[in-house]
Amino acid sequence: MTKPFGGLYAITPDTADTRGLLSRTRAILAGGAAILQYRNKSSDAALRREQGLGLLALCREHGAIFLVNDDVELARALGADGVHVGRDDAGIADARRVLGANAIVGASCYDKIELAEAAVARGASYVAFGAVFASSVKPEAARAPLSLFAAAKRLAVPSVAIGGISPANARQVVEAGADAISLISALYDAADPTAVARELAALYR
891 MTKPFGGLYA ITPDTADTRG LLSRTRAILA GGAAILQYRN KSSDAALRRE QGLGLLALCR
951 EHGAIFLVND DVELARALGA DGVHVGRDDA GIADARRVLG ANAIVGASCY DKIELAEAAV
1011 ARGASYVAFG AVFASSVKPE AARAPLSLFA AAKRLAVPSV AIGGISPANA RQVVEAGADA
1071 ISLISALYDA ADPTAVAREL AALYR
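Note that our numbering has the sequence shown beginning at 891, numbered continuously upward.
Keep in mind that the hints were calculated from the coordinates and are not lab data. Hints should not be assumed to be uniformly reliable.
[Said to hold, decoys possible] With a Cα cut of at most 20 Å, we get these calculated EDC-like pairs of lysine to aspartate or glutamate:
(1) Lys931 <-> Asp978
(2) Lys931 <-> Glu1089
(3) Lys931 <-> Asp979
From a predicted model like this one, the values you see are computed outputs, not experimental measurements.
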């Protein structure tokens, strides 16, 4: 990875409102988000490309890492820093083949250190565990114990926490050893996204 990886990791909500998406993302990046993942499962290819280009420009402006969820070809077309893949997405090896050795390739490892070990062996740049708390975005997600982040230190790649994280509980996750905390709703639905992002990013300073 060419940039330090860690801190506040924002994930976009699934929306067709490009203007609103870019406005809120700008506010979140201004508050100190270090990483942004573009996640949109429902829009067509043209809109996803339009949104992706806008988000990439904002990340470049603020010096943030820009990743795409699942879609390796979109990540390549946009010139993103990398991609995040899940259990059912394109594999880590396929992502590396398409995006190159220097790309950031993250992997969802849910609630299992064994999945993280396997992901690192296949070349993952970071591993993500969650849901660490009950999640409104994925209410059916398995709960990942905070002890995973201490266990993951031996993997020698950053670990990311996701699921139900908010300003009220984020410190617990940081203190457990997560190198980054991922949020969607708590950032994008906030009355003042910049203030919330600033508060969360400060946990890593």
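When the hints from earlier in the document are held up against this structure, which numbers fail? 2
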